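Chain order of the listed sequences is A and B. So the first sequence is numbered by the numbering used here: it starts at 1 and just counts up by one. So the second sequence is numbered by the numbering used here: it starts at 1001 and just counts up by one.
Derived from the structure by calculation, the hints contain no laboratory data. Since the model is a prediction, treat every value here as computed from it, not as a measurement. It cannot be assumed that every hint is accurate.
[Said to hold, decoys possible] Where chain B lies over chain A, by a calculated footprint (3+ residues, C-beta under 8 Å):
| # | stretch |
| --- | --- |
| 1 | 187-201 |
| 2 | 222-232 |
| 3 | 271-281 |
Quick reminder that beta carbons are idealized off the backbone N, C-alpha and C, glycines included.
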Amino acid sequence: MMMQPNPAGRPAPVPGEAPLLSVDNLCVSIRVDDRSVNIVDGVSFSIRRGERVALVGESGSGKSVTARALMRLERRMKATGSIVCDGRDILKLSDGEMRRVRGGTIGMVFQDPMSFLDPLRTIGDQIAETLRIRGVSRRDAERKALHILDELKVERAAERLTAYPHEFSGGMRQRVVLAMALIGDPRLLIADEPTTALDVRVQDQVLALLDEISRSRGLSVLFITHDLGIVAGFADRVMVMYAGSVVEDGDVYSTFAAPRHPYTRGLLDAVPRIDRDSDRLASIRGTPPHVFARPQGCPFHPRCDRAFERCVIERPVLRELGGMRVACHRPEPEAAR
Amino acid sequence: MKLFTLDSVCKSFAAKTGNPTRVLNDVSFDVATGETLGLVGESGSGKSTIAKCMLKLLRPDSGSVVFDGIDVPNARGAELSRFRREVQLVFQDPYGSLNPRMTAGELIAEGLLVHGLEPNGAARRRQAQHLMGLVGLDPDNIDRYPNSFSGGQRQRIAIARALACRPRLLVCDEPVAALDVSVQAQVINLLQDMRAEFDLTVVFIAHDLAVVRHLCQRIIVLHRGEIVEQGSREEIFGNPRMPYTQSLLAAVPIPDPVLAQRRRTAVQEA
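With these hints in hand, go ahead and build the complete structure from the sequences.
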């Protein structure tokens, strides 16, 4: 494993400490014509306290379904396996208990704040709601709402509490949604493409804010994105999903320096860079498979230059490899030292 | 040689209340034959409005738009027909921009029919098949409808359709923004190949500055309907002069954790 600088303020692993979140063999399936199809197909991972993990993948990879399953938001789908968060098995909780977990232990932010906010209610009312349904008095809940908008650097926060969502810009709306997710003082924040709809300078501000808040609160973050630039700047660790499985999982420095899965390698090579000139991009041939038409064996084999017979027949399991986890029969070589 | 010229173009849209909103304010630039020009800016910068004015989809309030001697806003008859043939476009949304009731072959060959370039149906079909091969689609799928193609394949159909009439200028409005990373690289490479193959001049509109750096020789930076800065790729990305351009570039994430950390430290110290 390569030695990498540990960025200031990021938590070092504490030996023996139980992870905040442990997901074991999570499968999420949907019934189609009497048949059960696994959209998420045996995903296992854990997140430490204070750790920021990016979940990367293309459309149909199952990254959003995985995230939503952690909150039990997919009512039409069946989830099996185990999800243990802060000592409690999410999949075994009653609906009433689950409502306390949402916004309590786990907060969540989505891509499109406008479809998440009620246009007819003031934002102060909506931020306070998470606490109100837990029996906190209106006065206390509003005081906390004001406090959290201050923490999120919303100017003139007291005035803004009585405003409606349409009066806010995209970046401000995303702060409001973030405030709603954080007011219950969660241990884990799930952020599903929270900056994808934002302009690049606003995105930068929101990311800096998330960075600061997750550090000061010791918050664990699961950040779902397709943008490898955001991963590099924000996350401690990156998990790459393809066709319903995690295919690679490692700390960002090692993974970006020397990805071991050919898919990760392909993704990194396919991105044009703002900081250098390039003549031609390396592209991965073909397209990501549709959920209902995933290939047998290694799901990536039809697009993979390193594939051989075994890849067509046998699906590789995620295994330890030089401090990372990789699901590949023929991984990319380790980084030259 | 100048292929396209915009001179002092202004455009306003009526607002619900109060004065009209000025969307383009005195925008002037040229597109030289053979170059790839990037128009970049955030939402509301006016980049798509410029494209619409260039394509005669919107009429500027004032100023002139001239393509190869054709006064675009006032073009009619034969001149308009030539303009419509020589200037083609590729849109962002590969789902919304292709008529779902036309086959791939009909979509690709439509321009040949409309402009009377190839009256023979069998010959049009052959040309459509040839174009499909060029853009990396299986010509056997010529009779399939857009809904049976993936997003990336649809964008290939859109590109083949734009190329069918042998245009001189291609206007691309966010052509890869809706595509997955691995597919985006394929379509970018295809645009580069087609640019060389067809000797195209390209106007490339995008918010993704990394893609613009990769594809464009010259870049115009827009902010709130005005040109903030324009220059070569080297000038804009190597030595941006305007604070706005600098802030835009500094906000683009770099897919390298070491550089990202270095940049964050620099910002914190500043």
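Check: What hint numbers does the structure not satisfy?
Finding: none
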